[in-house]
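**Q** Protein sequences, first through last, are from chains A and B.
No gaps in the numbering here: position 80 of the first sequence is 80 in our numbering, and each next residue is one more.
No gaps in the numbering here: position 62 of the second sequence is 1062 in our numbering, and each next residue is one more.
For the record, the hints were derived by calculation from the structure and aren't laboratory data.
A hint or two may mislead.
To be verified - Here are the simulated DSSO-like pairs of lysine-lysine, each with C-alpha atoms no more than 30 Å apart in a straight line:
| no. | chain 1 | residue 1 | chain 2 | residue 2 |
| --- | --- | --- | --- | --- |
| 1 | A | K19 | A | K76 |
| 2 | B | K1076 | A | K127 |
| 3 | B | K1211 | A | K118 |
| 4 | B | K1127 | A | K211 |
| 5 | B | K1118 | A | K211 |
Said to hold, decoys possible - With the Cβ distance kept under 8 Å, some of the chain B side facing chain A (calculated, not the full set):
| no. | residue |
| --- | --- |
| 6 | M1011 |
| 7 | V1053 |
| 8 | L1059 |
| 9 | A1121 |
| 10 | P1123 |
| 11 | E1137 |
| 12 | I1144 |
| 13 | P1187 |
| 14 | A1194 |
| 15 | A1217 |
Unchecked claim - With the C-beta cut set under 8 Å, the calculated list includes, among others, these residues of chain A facing chain B:
| no. | residue |
| --- | --- |
| 16 | A10 |
| 17 | R55 |
| 18 | P123 |
| 19 | K127 |
| 20 | A162 |
| 21 | L174 |
| 22 | W226 |
Ideal placement from N, C-alpha and C gives every residue a C-beta, glycine not left out.
Here are the chains, one letter per residue:
2 protein chains.
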Amino acid sequence: MTDDITLFEAMHSARSIRKLSADPVPDALITRVLEAATQAPSGGNAQDWVFIVVRDPELRSKVGAVYRKGSDIAAKVYAARGRPVHLSERQYQRFMTSGQWLWDHLAEAPVILVVCLKPRAQPPRNKLPPEVSYDAEMAYADRIRGASIYPAVQNILLACRALGLGTVLTTNHLRCENELKALLGIPDEVATFALMPIGWPLQNFGPLTRKPVREVAFADRWGDAWAD
Amino acid sequence: MTDDITLFEAMHSARSIRKLSADPVPDALITRVLEAATQAPSGGNAQDWVFIVVRDPELRSKVGAVYRKGSDIAAKVYAARGRPVHLSERQYQRFMTSGQWLWDHLAEAPVILVVCLKPRAQPPRNKLPPEVSYDAEMAYADRIRGASIYPAVQNILLACRALGLGTVLTTNHLRCENELKALLGIPDEVATFALMPIGWPLQNFGPLTRKPVREVAFADRWGDAWAD
Chain A
1 MTDDITLFEA
11 MHSARSIRKL
21 SADPVPDALI
31 TRVLEAATQA
41 PSGGNAQDWV
51 FIVVRDPELR
61 SKVGAVYRKG
71 SDIAAKVYAA
81 RGRPVHLSER
91 QYQRFMTSGQ
101 WLWDHLAEAP
111 VILVVCLKPR
121 AQPPRNKLPP
131 EVSYDAEMAY
141 ADRIRGASIY
151 PAVQNILLAC
161 RALGLGTVLT
171 TNHLRCENEL
181 KALLGIPDEV
191 ATFALMPIGW
201 PLQNFGPLTR
211 KPVREVAFAD
221 RWGDAWAD
Chain B
1001 MTDDITLFEA
1011 MHSARSIRKL
1021 SADPVPDALI
1031 TRVLEAATQA
1041 PSGGNAQDWV
1051 FIVVRDPELR
1061 SKVGAVYRKG
1071 SDIAAKVYAA
1081 RGRPVHLSER
1091 QYQRFMTSGQ
1101 WLWDHLAEAP
1111 VILVVCLKPR
1121 AQPPRNKLPP
1131 EVSYDAEMAY
1141 ADRIRGASIY
1151 PAVQNILLAC
1161 RALGLGTVLT
1171 TNHLRCENEL
1181 KALLGIPDEV
1191 ATFALMPIGW
1201 PLQNFGPLTR
1211 KPVREVAFAD
1221 RWGDAWAD
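Kindly produce the complete structure, drawing on both the sequences and the hints.
**A** Next comes the structure, spelled out in structure tokens:
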């Protein structure tokens, strides 16, 4: 446990950890991780997040089967897409091998965290003034949903790192989300945004390889170099 | 500067800061913040993020006008929606007052950071095997875009906190996004996800008031209490 890790050390070493030990994780640590999640901002401070902590082995096995099904589709998409230009052949192979390992082993993690978001209360159509387009507003609401949940997900990733726990943000289950929702009794109107195995890592944390800032930042206008 | 702040201290005090001094912020600090952003995960490790650091006063003023226009629509939506049940009247008034202040003062921040995401390379339709639905795959890609940018946004919020800088995640500009894109020369295929004023805070950092974990977490299945 490295409870007192600095923010920058945590951010610069919070590698995606896919190989996890089956050893149990104390509930108190999961609570601590979730407390960190709830510190994140959300649109209108609505805090519509819900976190389902799946520990039951039988249920985990079924969640793993759903994840495997979604990943089988992902595998075909990856194959059709080919290697992204920014990854070397070696990086791409490592990425694919590591991802594939998880497709088969997700259920072995002692905890599978399912990150959900309830729909935000919207104004009734007849209460909006005529100059505001209801359809545009619904499209806007849809577009910004991720802003109300993925900051919390990043806090989960960082809190796990600080507590010595491994995890990774996965979304392949969304390709068969209804099966996952049926399994866990998630109401129709609630959407899932991430599925995160959590456990003690069998891999090392960071450092991370990333594009340098000068390749991803502009000064004032698109195309004008940011000199770092 | 509190460079050595612990992760948990940063997360538990990274309040949304809307009142910012007009004093300049050294470029080196912005680079540090962006470096933190790039440590975040992204789907397939694609790192398709682009950060535009708007410092030019004239440009900031124009960005501020776009934000004001989007916020005017937001104001009508908020009025139609009314106070969310989880906020007390006092909390709601504070929230609205603080938000409204920013609608008029965004351009005074020395830096306005525009967070963009390039479209992820998708497989050509004819390369996908028949059992994979192209339309379903495009819907999936659309749905998970936030997972590739809002973790980076959260790292920006936390890094600012650690460096003593104030910022807040805003999205009102999305209601007139094309005007912002034209202003900054952002290509059609690139989407913006957040507009973040950054500067020295005129408000104090945390602590934050949030729903307790027991209200937002379930054990194994939706509805089963997580005992924290």
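**Q** Against this structure, judge whether each hint is valid.
**A** Hint check results:
no., hint, result
1, A:K19 <-> A:K76, "holds (23 Å)"
2, B:K1076 <-> A:K127, "holds (9 Å)"
3, B:K1211 <-> A:K118, "holds (14 Å)"
4, B:K1127 <-> A:K211, "holds (29 Å)"
5, B:K1118 <-> A:K211, "holds (14 Å)"
6, M1011, "holds (5 Å)"
7, V1053, "holds (6 Å)"
8, L1059, "holds (6 Å)"
9, A1121, "holds (6 Å)"
10, P1123, "holds (4 Å)"
11, E1137, "holds (6 Å)"
12, I1144, "holds (5 Å)"
13, P1187, "holds (7 Å)"
14, A1194, "holds (7 Å)"
15, A1217, "holds (5 Å)"
16, A10, "holds (4 Å)"
17, R55, "holds (6 Å)"
18, P123, "holds (4 Å)"
19, K127, "holds (4 Å)"
20, A162, "holds (5 Å)"
21, L174, "holds (6 Å)"
22, W226, "holds (6 Å)"
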